[in-house]
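Undergrad: Listed here are the chains, written in short residue letters.
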Amino acid sequence: MSVLVYTESEKGSFKKTALEVASYAKAIANQLGTTVTAIAINADDVSTLGNYGVDKVLSVKNAQLDKFNANAYAAAIKQAAESESSKVVVVSSSADSKYLAPLLAVGLNAGYASNVVEAPSNTSPFTVKRSAFTNKAFEIAQINTDVKIVGVSNNSFGLVENSGSASAEDFSPSIPELGVTVESVDKATDKVTIADAEIVVSAGRGLKGPENWGMIEELADVLGAATACSKPVSDLGWRPHSEHVGQTGKPVASNLYIAIGISGAIQHLAGINASKVKVVINTDPEAPFFKAADYGVVGDAFQVVPELIEKLKAFKAQQ
Amino acid sequence: MKILVCISHVPDTTSKINFTDGDTKFDTNGVQFVINPNDEFGLTRAMWFKEKQGATVSVVNVGGAETEPTLRKALAIGADAAIRVNTPATDAFSVAKQLAKVVKDGGYDLVIAGRESIDYNGGMVPGMIAGLTEANFVNNCINLEVDGTSAKAIREIDGGKETVSTSLPLVIGGQKGLVEESDLRIPNMRGIMMARQKPLTVVEPIDVSAETTSVSFEKPIPKGAVTLVSPDNLDELVSLLHNEAKVI
Chain A
1 MSVLVYTESE KGSFKKTALE VASYAKAIAN QLGTTVTAIA INADDVSTLG NYGVDKVLSV
61 KNAQLDKFNA NAYAAAIKQA AESESSKVVV VSSSADSKYL APLLAVGLNA GYASNVVEAP
121 SNTSPFTVKR SAFTNKAFEI AQINTDVKIV GVSNNSFGLV ENSGSASAED FSPSIPELGV
181 TVESVDKATD KVTIADAEIV VSAGRGLKGP ENWGMIEELA DVLGAATACS KPVSDLGWRP
241 HSEHVGQTGK PVASNLYIAI GISGAIQHLA GINASKVKVV INTDPEAPFF KAADYGVVGD
301 AFQVVPELIE KLKAFKAQQ
Chain B
320 MKILVCISHV PDTTSKINFT DGDTKFDTNG VQFVINPNDE FGLTRAMWFK EKQGATVSVV
380 NVGGAETEPT LRKALAIGAD AAIRVNTPAT DAFSVAKQLA KVVKDGGYDL VIAGRESIDY
440 NGGMVPGMIA GLTEANFVNN CINLEVDGTS AKAIREIDGG KETVSTSLPL VIGGQKGLVE
500 ESDLRIPNMR GIMMARQKPL TVVEPIDVSA ETTSVSFEKP IPKGAVTLVS PDNLDELVSL
560 LHNEAKVI
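If you read the sequences in order, they're chains A and B.
Quick note on this note's numbering: the first sequence kicks off at 1 and runs consecutively.
Quick note on this note's numbering: the second sequence kicks off at 320 and runs consecutively.
The reader is advised that the hints may include incorrect statements.
To be verified - Covered by chain A, according to a simulated footprint, are these stretches of chain B (three or more residues, beta-carbon under 8 Å):
id, stretch
1, 375 to 382
2, 427 to 439
3, 494 to 506
4, 533 to 540
5, 554 to 562
Read the hints as simulated data drawn from the structure, not as lab findings.
Virtual Cβ for every residue (Gly too), placed ideally from N, Cα, C.
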């Protein structure tokens, strides 16, 4: 009956979202008066999960699962849920978890609520709050099935430390036919991704051209931030699509979002609305972004950004 | 190749979102409905398969009669036939079950759906169709080539992309990148006239139970006013972010 959580890892180490979903699973387990079991796939040190409320880890080591495969991962999680008789399965909102969760829902015949932003307000009926209409609203949804899947929105619940410890057990699920084979992966390994970033530095057409992104990247470096851009910038080909944030791009739920030379179209604001603190730098005091931001600087990015980089470097040096 | 493109009928991206009936229903008053943008990228890619590889393209929607103009628009863009499953789209799992039935009955080789709709943002219908029809599945698909029964796709992952090979029958969760914004087609008069002659079949739903239920909606708490900082005093901004917002 324990709550099962899929704790994602990369190159053997747990992602930050894994610790967040573990924390979330612990909150549900407390409500239900049960324990938390995690399933970890090819993770090195599973004991860290104990610090976030996990009681037991089903540790899968299988070379066939070195590369992510939604079918195989969903099958492994399904078997873990069955072996634990879990009624609630918790996953994150990473690209991989969102890929496998619908397959898992079919496999377990479970209702699945994605983009959930809070612990359940009630466990019977099982009621959760999820973001909808691209962050322009929240939906209160009820999951009616016996087995339930909750997809936790990134950076919505946070990490909750716990003094427990987790026991580890080897788990060897049977792996189905993969169906989809990874040929190659093209991923910048030295850069923080928009999904994982605590801080996102984003720029728009106000930058005038792709040659001016040097200062944006430098600002991101100083802050340990990911870089992002507005839709027109990606449509113009100044920056890759993978950086486009907004309603038809990637959603952002960082702690700090800094928008530079972005006017703040409704679609852009919707996509970044889940970020906790927003800063806008724009020459136009009438730009709609000022209505959505917490802090604003009316000024020329070409003057403000280099100066802000210097101030931040001085600040970091003092820390 | 027989392609089915799933079309969600959603409020235009510029819509103001409001609710009615004690915040239990989306207020459609004054809202313009469109083809879900992620679905439109997929539909446009399907047109490419039709023109270059002789595929036939059907479009499908689960919804009431009010969604037919959206299906007619898809026909005007160039789809050959449309199907409407005559039941309100309530929860994603039910919608996926209705669509899986259409997929099985029609024997489609390739099902293209948007990675998520921009209204409920569930992001689960394409994967559930794949699971229910036991087809291969590629989510967040930004490029797709089909040669015979084999397919090569590119999937967007967190921080990059991945090239995968797979085979038909295949379901993809598509998004921008399948085609570019500039490739999207505005129906011309000829397309609109032809769309009137194309078949739009209404099929009755199968009996399914709702796995999830929408109880009510809330709007985010309105924000306080912005704190403006002078561009000549950026130390203050750094200090506010550190001491007040506590984000650096």
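Undergrad: Now, for every hint given, state plainly whether the structure supports it.
TA: Here's how the hints hold up against the structure:
no., hint, verdict
1, 375 to 382, "violated (count 0)"
2, 427 to 439, "holds (count 3)"
3, 494 to 506, "holds (count 6)"
4, 533 to 540, "holds (count 7)"
5, 554 to 562, "holds (count 6)"
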